[in-house]
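**Student:** The chain contents come next:
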Amino acid sequence: MSGEGDANVFVADNICFGFPGKRSVLDQVTFALKERHFHVLVGPSGAGKSTLLKLCAGLLNAKEGTFLLNGSAADCSQRLMQSVYMPQSDTLLPWRTVLDNVMLTLELQGKQSAEEMQERAMALLDSFGLRDCADAYPDQLSGGMKQRVMFARTMLKNVPLLLLDEPFSALDSLTRKQMQRWLLDVWQRDRRTVLMVTHDIDEALLLADTVLVLPSEPGETVQALEVTFARPRSFELIYEPAFVERKRLLEHMLLGGDNL
Amino acid sequence: MSGEGDANVFVADNICFGFPGKRSVLDQVTFALKERHFHVLVGPSGAGKSTLLKLCAGLLNAKEGTFLLNGSAADCSQRLMQSVYMPQSDTLLPWRTVLDNVMLTLELQGKQSAEEMQERAMALLDSFGLRDCADAYPDQLSGGMKQRVMFARTMLKNVPLLLLDEPFSALDSLTRKQMQRWLLDVWQRDRRTVLMVTHDIDEALLLADTVLVLPSEPGETVQALEVTFARPRSFELIYEPAFVERKRLLEHMLLGGDNL
Amino acid sequence: MTFLVLLAVLLVWELMVRIFDIAPYILPPPSDVLIAMWDARDLWGQHIWMTWSEAMLGLAISMLIAFLMSVAMLRSLQLRKALYPLLIVSQTIPLIAISPIFIIWFDYTIWSKVAVAVLWSFFPIVISLNEGFRSVSPERREMMISLGASRLQIFRLLEWPTALPSFFAGLKMAAAYAVIGATVGEWLGAERGLGFFARRASNNMQTDLLFASVFILCVMGLLMVYAVKYMKRGFVR
Amino acid sequence: MTFLVLLAVLLVWELMVRIFDIAPYILPPPSDVLIAMWDARDLWGQHIWMTWSEAMLGLAISMLIAFLMSVAMLRSLQLRKALYPLLIVSQTIPLIAISPIFIIWFDYTIWSKVAVAVLWSFFPIVISLNEGFRSVSPERREMMISLGASRLQIFRLLEWPTALPSFFAGLKMAAAYAVIGATVGEWLGAERGLGFFARRASNNMQTDLLFASVFILCVMGLLMVYAVKYMKRGFVR
Amino acid sequence: GDEAEQKSPQKQKQLTVILDWYPNAVHSFLYDALDKGYFSDAGLDVEFKPPADTNDPLKLVAAGKVKFAISYQNQVVTARSEDLPVVSVAAVVRQPLTQLMTADNSGIQRPRDLEGRKVGYSSIELYRTFVEAMVREDGGDPKKVKFIDIGWDLIPAMLNKKVDAIMGGFVNHEKPIFASKGMNINVIEGKNYGLPDYYELVLIANEDTVQNDRATVDAFVKAMRKGFTDMKQNPQKSLDLLLTKQMEQFPLKADIEKQSLEILLPKMDAGDQPYGWQTLQSWQTAADWMFANGAIKKTIDAQKAFINVE
Ligand SMILES: Nc1ncnc2c1ncn2[C@@H]1O[C@H](COP(=O)(O)OP(=O)(O)OP(=O)(O)O)[C@@H](O)[C@H]1O
Ligand SMILES: Nc1ncnc2c1ncn2[C@@H]1O[C@H](COP(=O)(O)OP(=O)(O)OP(=O)(O)O)[C@@H](O)[C@H]1O
Ligand SMILES: [Mg+2]
Ligand SMILES: [Mg+2]
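Going down the list, the protein sequences come from chains A, X, Z, U and Y. Under the numbering used here, think of the first position of the first sequence as 1, with each following residue one higher. Under the numbering used here, think of the first position of the second sequence as 1001, with each following residue one higher. Under the numbering used here, think of the first position of the third sequence as 2001, with each following residue one higher. Under the numbering used here, think of the first position of the fourth sequence as 3001, with each following residue one higher. Under the numbering used here, think of the first position of the fifth sequence as 4001, with each following residue one higher.
Hints are computed from structural coordinates only; laboratory data are not their basis. Be a bit skeptical, because a hint or two may be false.
[What the hints assert, rightly or not] Derived CB-CB ranges, DEER-like:
| # | chain 1 | residue 1 | chain 2 | residue 2 | range |
| --- | --- | --- | --- | --- | --- |
| 1 | Y | K4253 | U | W3049 | 40 to 46 angstroms |
| 2 | U | L3086 | Z | W2044 | 22 to 28 angstroms |
| 3 | A | G18 | U | V3005 | 55 to 61 angstroms |
| 4 | Y | K4253 | Z | G2045 | 18 to 24 angstroms |
[To be verified] Under the rule of at most 25 angstroms between Cα atoms (straight-line distance), these lysine-lysine pairs were calculated in the PhoX-like manner:
| # | chain 1 | residue 1 | chain 2 | residue 2 |
| --- | --- | --- | --- | --- |
| 5 | X | K1022 | A | K146 |
| 6 | Y | K4258 | Y | K4226 |
| 7 | X | K1054 | A | K146 |
| 8 | Z | K2232 | U | K3081 |
| 9 | Y | K4267 | Y | K4237 |
| 10 | Y | K4161 | Y | K4144 |
| 11 | Y | K4253 | Y | K4267 |
| 12 | Y | K4118 | Y | K4162 |
| 13 | Y | K4181 | Y | K4161 |
| 14 | X | K1247 | A | K247 |
| 15 | Y | K4258 | Y | K4036 |
| 16 | Y | K4144 | Y | K4191 |
| 17 | Z | K2229 | U | K3081 |
| 18 | Y | K4226 | Y | K4011 |
| 19 | U | K3232 | Z | K2081 |
| 20 | Y | K4253 | Y | K4237 |
| 21 | Y | K4162 | Y | K4143 |
| 22 | Y | K4191 | Y | K4297 |
| 23 | Z | K2081 | U | K3229 |
| 24 | Y | K4049 | Y | K4013 |
| 25 | Y | K4118 | Y | K4146 |
By construction, the Cβ of each residue, glycine as well, lies at the ideal position given by its N, Cα and C atoms.
Work out the full structure: start from the sequences and follow the hints.
**Tutor:** Here is the structure:
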């Protein structure tokens, strides 16, 4: 985890944001994403994690502060171009089959022929274990499968920054583990910069190079916890004392030092 | 965890179920719930956990097999009377305030005066840390708070068997831990029999006396894992080697011996 | 806003009539209409009151009928399948065929006009209410059952509140239809009402008076629709 | 099912007429109506074709207008606020006031009837479509934007498909209204069509023929509504 | 004798009369009679009602729902041929009011000029039959005339030259209105081209009423007659009465109604005979003509279609 990979590819500098007519949600949020690193964002519910991701994605405009992409300020449209955001809720289009839902990304780019698109989408579905349900409609899928399809759709946008809002929250532990492993595999292959929200501490520590802790009260600083376990990581890692120790540390950071 | 508390208060005996026009979901499912014990049901997504809970709650009729309540066969209406089911999804009524949503349970019983109901509901909200948002509407709450309100509403039905379908799945880890702790507290106070579905292995082991593992394929047997850590349990438990060992065992049961 | 838009429409109309020199017996300029309206100021009261009463009674009865029908349709799929074609048929029967029946049943009383208003306005309410009832989530229903709710309680506490926004959406349409329905009903023989007035004005080619009654009808329709909108605020969050 | 229900209604009607000895010039028994319909079998073709054409053209134009209006209302809150009162007003204007204008614009061609059919049928489509467009979830929109969708793509791939079920719900109502609208339109001047025929039969005291044309109108309305339902299956999952 | 018996107000017989149209000049004598108490003197508590847009009045009389209605001789013939039990008890207007109207400057002077032109008529098939017969009588080819049923918008259709002639307008109502809008109208009278000189408006009752409640029919027609006599003597007074009464509901135009009444009076007056007197010849001619021209499918017994009140 050193060398060229350590450059700050994306920086949020003193970002402030509040919804109209509401008190501030994010206040002077500052953090940096390192190139090709896996970042996990944790924080209490309502802390503004989703809001922060939308800001990074260029879907919202920060009230104050700047975003830097590769060192230069990036406005909304630049951020939109260079990143992809996967929302927290179910955003599959119910009138499209799984294959068509995944192909949506390619359709929107509109550079490829139908066959090419289909091929690429099928290949991805395959690696997600979704080949069999390519022709199914979303309402025929379990919550877990839906999330996987959404994930596939997002991955197809070929951008350096992935912003994932709790992609695995609807998965059962089995599939979740498979997906975590798969994500690690894929990510290790092309190493895009990832900022992912999760509520699962095991997941955070298993996947992350850096865990960012968003404070519950706007104004406090974002804390970062480096996770230096060697990659590739095995799932047995979570049973090791070093991991358990990190977990205790992170949970205490999250709970603000107070042990409940 | 011994003595009178070990009687089988609720038994599912060879339960079979399938939705009309679909292949069987549950096949010959057999398990027993011990009086005043905390049971956690885990299993892959789509295994039929929610369906099983609805069957136990008397919301669905088993195709084959019988349910026994305190040793005698219990039909749907008897199960409905003696248990309460809390669905997986958001079932708050958006046009009612938090207080009114919680009071719904008491209203449906219809035995109390409005003041009494209000008092009881407020007391419960208080112990859930929801006093401040008693007059808020569900759409003004975070996902976590919603789940807590739903939980409160369910708890107010005074029956011996609680059937909880992933009550904490929408909570962030902080609130989740608070809620787990709170649930343990409440449960230790009145010790109702609980059958709760979860995807979180830590949560399962922390809360349960018995973890039931529902197999992914209908027909295989439901495995039970006794969890014998002393109560009251501290949250530091999860960092202890004995706990980590149990966790490894349970995860391997879930994954069917295959370590991914 | 509404007021400004309508004002703008009147202005454009006035200009169009003057620029293209449209004959006043076809489309009088709004200024003429307003003058005619003012000249006949003593007359409007009774006509407005009559049409208003017909429309309101019609709307009330429509709500009742629509409520009963859609509850029946909610309770039984068979009934829904049976009632649905009758609903459509009720909307494709020309008044000319049933007007003698209405008069025989309701005589020359207000009720024959109310009946027409009902015929015109109950349909959108049934359709919307039916859709509203069908949007109740099965999970919520399960929750209610498990908490021990009776069928009536499920209706009162879950199904009805869920359908309420749809109900108001249908009611808004129905409010407009009740007004025009009452007006048309007045052609069944009436001595009062804005439809009666409009028809007489038309027959006597007093186009300014005709449009004066049309203005009032439009305002009445708008008021009713906005009243429903306002009412909705009190009921639906 | 529909067929059985209608058959049952006809049977009850026949019995009622016979039991209560209702005069055939008020309400003829269905048997008489069917006989009259059969006797006039050579006449129906042209009238059905005419009314059918008017209704279909009206419905097509209604869809177009409703589409344009609701897209405009989707794009701009200002426009929605401006158009909404005009929509309501359009439904409260009695035909009697605008029929001379329609005749001047469209003469006695098919288009004056089509115009009336449009006036009657575009309203429910606009209302439903508008509601459909407003039900697009913000998360889906964000997802589309983040995946790089243009405004047009968002409309084509997200907003329009989301609104489609509502569109068809509105279209179903509109289909019934287009038929009755065309019929009423024929009273503005026509030499053909079921509305024309009904009025003619009524003036000739041929109540059985009047109801024969009503039967055909009802069947036409039902066919159109069921056609919409069937079409919907092809478009909406 | 009858009258004296029925004078006590307790025994007033309530009855509804449906007019042929909203109250206008032609009804002046009825309101006159009402105002002067001729009906209540005869023991009748009369209420006048405007009609529905259709032929509902005829049907309602036939169904026994109302006692009397003002209808049209032709419609009575049609109704009787369709077995509706209605009988005419008085001729209210003795000559046709519905006449073929063309614009003065249209160049149409006689029926055959209509060849190749557009004739609008008001939904009543008989009007079309009338015009066809007139054209034929005048040596033209009715097939070359283009007919359009123009519903209720007769005047706008003419004013905007959407049609070249209209059939269905009344000489006492539409004609003065045309004049007031600045259009001079040429009226081509049907009787000059072979049409029967029928009664435009008649008072009708149910067959049952005529047979079993003749006293009421007689009482009503006699009271009506008194009203007509008064109106004939002082038309302006009768008209003013009507206009003031109508003022509460709808402001009729006095000048139009005045012209209307002037045209109507000679067409209502039965001359030597009592007002409302009908002749078998008129009914026979109308029925024969209609049957011959296909306006009714089966002929009627003209004798049974009317009665006269002495
Ligand atoms: N569209 C919106 N309009 C107004 N307020 C909003 C909107 N979206 C979110 N909020 C508010 O902003 C705050 C942050 O919300 P956000 O969804 O970003 O939290 P989160 O950390 O993602 O929570 P969770 O873990 O539950 O997903 C909350 O208080 C929420 O109520
Ligand atoms: N109402 C229904 N009609 C038809 N099939 C259903 C219905 N509800 C559930 N199923 C099917 O039954 C199976 C079991 O569903 P169930 O919801 O019980 O699974 P689960 O174990 O609770 O999954 P999860 O962990 O995702 O909640 C699934 O294959 C599902 O598709
Ligand atoms: Mg979030
Ligand atoms: Mg489930």
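**Student:** Starting from the hint list further up, note which numbers the structure goes against and sort them upward.
**Tutor:** As far as the earlier hints go, not one is violated by this structure.
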